[in-house]
Amino acid sequence: MSRPIPRWLLPTLLVLNSLASIALASRAAELRQEARVWDLRAGVWLLGASSSRPARAGWR
1 MSRPIPRWLL PTLLVLNSLA SIALASRAAE LRQEARVWDL RAGVWLLGAS
51 SSRPARAGWR
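Numbering of the sequence shown is given in the working numbering, commencing with residue 1 and proceeding in unit increments.
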């Protein structure tokens with residue numbers, strides 16, 4: 001015969017699940033922000049590389 005589930009287990013698991021979801025959402029937001037920064041840097045670099053002006057010293 002299986003043992004009954006303790007009363008405290010389900011609320012504890014729900015709280016832990018909520019905390020994990022918050023942490024993952026926060027980390028996902030950080031990664032999206034970081035990706036935007038890198039997209040902007042790549043875009044600026046591509047604009048500079050595709051420009052018809054001669055390259056400035058040090059940008060070769």
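Just to be clear, a hint being listed does not mean it is correct.
Claimed, not checked - Computed beta-carbon distance windows for the label pairs: (1) L47 - P11: 53 to 59 Å; (2) G48 - P11: 30 to 36 Å; (3) S50 - A25: 32 to 38 Å; (4) V37 - L13: 52 to 58 Å.
These aren't lab readings, by the way, just hints derived from the structure by calculation. We treat Cβ as the ideally placed atom computed from N, Cα and C, and that holds for glycine.
Against the structure, the hints:
1. A hinted range of 53 to 59 Å for the beta carbons of L47 and P11 is consistent with their spacing of about 54 Å.
2. For G48 paired with P11, a C-beta distance near 56 Å fails the hint of 30 to 36 Å.
3. A hinted range of 32 to 38 Å for the beta carbons of S50 and A25 is consistent with their spacing of about 37 Å.
4. Checked against the given bound of 52 to 58 Å, the beta carbons of V37 and L13, roughly 36 Å apart, lie outside it.
When the structure is compared with the earlier hints, violations turn up for hints 2, 4 and for no others.
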